[in-house]
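Colleague: One letter stands for each residue in the lines below.
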Amino acid sequence: GNSVTQMEGPVTLSEEAFLTINCTYTATGYPSLFWYVQYPGEGLQLLLKATKADDKGSNKGFEATYRKETTSFHLEKGSVQVSDSAVYFCAVRVNNNNDMRFGAGTRLTVKP
Amino acid sequence: DTAVSQTPKYLVTQMGNDKSIKCEQNLGHDTMYWYKQDSKKFLKIMFSYNNKELIINETVPNRFSPKSPDKAHLNLHINSLELGDSAVYFCASSQDARAAEAFFGQGTRLTVV
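Each protein sequence line maps, in turn, to chains C and L.
Sequence positions in the first sequence follow our numbering and run 1 to 112.
Sequence positions in the second sequence follow our numbering and run 1 to 113.
It should be emphasised that the hints constitute simulated quantities derived from the structure, not laboratory data.
It cannot be assumed that every hint is accurate.
Said to hold, decoys possible - Below, computed lysine-lysine pairings styled on BS3-like, alpha-carbon distance capped at 27 Å:
{"hint": "1", "chain 1": "C", "residue 1": "K111", "chain 2": "L", "residue 2": "K41"}
{"hint": "2", "chain 1": "L", "residue 1": "K40", "chain 2": "L", "residue 2": "K9"}
{"hint": "3", "chain 1": "L", "residue 1": "K44", "chain 2": "C", "residue 2": "K68"}
{"hint": "4", "chain 1": "L", "residue 1": "K36", "chain 2": "L", "residue 2": "K71"}
{"hint": "5", "chain 1": "L", "residue 1": "K44", "chain 2": "C", "residue 2": "K52"}
{"hint": "6", "chain 1": "L", "residue 1": "K44", "chain 2": "L", "residue 2": "K9"}
{"hint": "7", "chain 1": "C", "residue 1": "K49", "chain 2": "L", "residue 2": "K19"}
{"hint": "8", "chain 1": "L", "residue 1": "K41", "chain 2": "C", "residue 2": "K60"}
{"hint": "9", "chain 1": "L", "residue 1": "K71", "chain 2": "L", "residue 2": "K22"}
{"hint": "10", "chain 1": "C", "residue 1": "K49", "chain 2": "L", "residue 2": "K41"}
{"hint": "11", "chain 1": "L", "residue 1": "K22", "chain 2": "L", "residue 2": "K40"}
{"hint": "12", "chain 1": "C", "residue 1": "K49", "chain 2": "L", "residue 2": "K36"}
{"hint": "13", "chain 1": "C", "residue 1": "K111", "chain 2": "L", "residue 2": "K40"}
{"hint": "14", "chain 1": "L", "residue 1": "K22", "chain 2": "L", "residue 2": "K41"}
{"hint": "15", "chain 1": "L", "residue 1": "K19", "chain 2": "L", "residue 2": "K67"}
{"hint": "16", "chain 1": "L", "residue 1": "K36", "chain 2": "L", "residue 2": "K52"}
{"hint": "17", "chain 1": "C", "residue 1": "K49", "chain 2": "C", "residue 2": "K68"}
{"hint": "18", "chain 1": "L", "residue 1": "K67", "chain 2": "L", "residue 2": "K9"}
{"hint": "19", "chain 1": "L", "residue 1": "K67", "chain 2": "L", "residue 2": "K36"}
{"hint": "20", "chain 1": "L", "residue 1": "K71", "chain 2": "L", "residue 2": "K40"}
{"hint": "21", "chain 1": "L", "residue 1": "K40", "chain 2": "C", "residue 2": "K49"}
{"hint": "22", "chain 1": "C", "residue 1": "K49", "chain 2": "L", "residue 2": "K44"}
{"hint": "23", "chain 1": "L", "residue 1": "K71", "chain 2": "L", "residue 2": "K9"}
{"hint": "24", "chain 1": "L", "residue 1": "K9", "chain 2": "L", "residue 2": "K19"}
{"hint": "25", "chain 1": "C", "residue 1": "K60", "chain 2": "C", "residue 2": "K49"}
Since the model is a prediction, treat every value here as computed from it, not as a measurement.
Given these sequences and hints, build the entire structure.
Modeller: Printed below as a string of structure tokens:
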């Protein structure tokens with residue numbers, strides 16, 4: 001079945017540091033890949049997505065590239081801000097299948 | 001004009017009680033979901049409905065019963081609540097069973113005492 005493994009947190013960084021959160025997936029068919037973000041006390045929001053190999057999703061300074069050869073979709077940001085503090089979830093969904101699987105979530109704390 | 005709304009936001013109840021969580025989406029989507037998020041933030045799918053038809057039913061105790069009166073609503077009823085049911089429950093929707101993106105509600109924090 002489909003599954004996602006993402007790096008365990010928590011991750012603590014200083015403001016303006018570089019962020020990488022690793023995500024690898026297992027899926028049959030042609031999966032779409034996502035990063036969702038959950039700010040404190042809120043629901044999940046879509047951060048970015050990529051629907052085919054070599055696509056790069058980007059939003060709010062965050063980027064992730066769909067790497068089929070390594071089955072990865074690592075999240076990166078060049079300079080994090082305090083407001084980026086949240087839990088980040090990697091997710092996979094296979095076309096023609098309405099089952100979206102999430103990773104365990106990685107808590108990011110950015111200190112001033 | 002919230003896209004996916006859940007009620008209540010917080011629910012505290014005693015063991016053995018029966019409770020319901022309601023979810024409504026005004027996006028015109030065909031597919032709706034219930035997810036459970038445990039204390040470690042792990043998010044696990046429970047149910048998925050497409051046009052009021054049950055599509056996914058993960059290994060969830062029979063005490064949990066989803067009900068979809070129409071495709072804009074997917075309610076979750078829980079019988080004989082147990083301490084281990086304490087979690088945050090998220091409702092979500094997507095345009096259809098093939099749609100890539102899901103839209104989430106703000107969650108219902110259920111605490112069983």
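Colleague: Each hint should be assessed against the structure and marked as holding or not.
Modeller: Here is how each hint holds up against the structure:
1. C:K111 / L:K41: Since the Cα atoms of C:K111 and L:K41 sit roughly 21 Å apart, the hinted pair holds (cutoff 27 Å).
2. L:K40 / L:K9: holds (19 Å)
3. L:K44 / C:K68: At roughly 24 Å apart (the allowed maximum being 27 Å), C:K68 and L:K44 satisfy the hint.
4. L:K36 / L:K71: holds (21 Å)
5. L:K44 / C:K52: holds (24 Å)
6. L:K44 / L:K9: holds (19 Å)
7. C:K49 / L:K19: Not satisfied, since the Cα-Cα distance of roughly 35 Å exceeds 27 Å.
8. L:K41 / C:K60: Roughly 23 Å between the alpha carbons, so the hint for L:K41 and C:K60 holds.
9. L:K71 / L:K22: holds (13 Å)
10. C:K49 / L:K41: Answer holds: C:K49 to L:K41 is near 21 Å, not above 27 Å.
11. L:K22 / L:K40: holds (24 Å)
12. C:K49 / L:K36: holds (22 Å)
13. C:K111 / L:K40: holds (22 Å)
14. L:K22 / L:K41: Given pair L:K22, L:K41 holds - Cα atoms ~21 Å apart, limit 27 Å.
15. L:K19 / L:K67: Distance ~13 Å between L:K19 and L:K67 Cα, so the pair holds.
16. L:K36 / L:K52: holds (20 Å)
17. C:K49 / C:K68: Roughly 14 Å separates the two Cα atoms, so the pair holds.
18. L:K67 / L:K9: holds (19 Å)
19. L:K67 / L:K36: holds (16 Å)
20. L:K71 / L:K40: Violated, at about 31 Å.
21. L:K40 / C:K49: holds (24 Å)
22. C:K49 / L:K44: This hinted pair holds, its Cα atoms lying about 20 Å apart.
23. L:K71 / L:K9: holds (21 Å)
24. L:K9 / L:K19: Given that 27 Å is the threshold and the Cα spacing comes to 13 Å, the pair holds.
25. C:K60 / C:K49: holds (13 Å)
In summary, the structure is inconsistent with hints 7 and 20 from the numbered list given earlier, while agreeing with the others.
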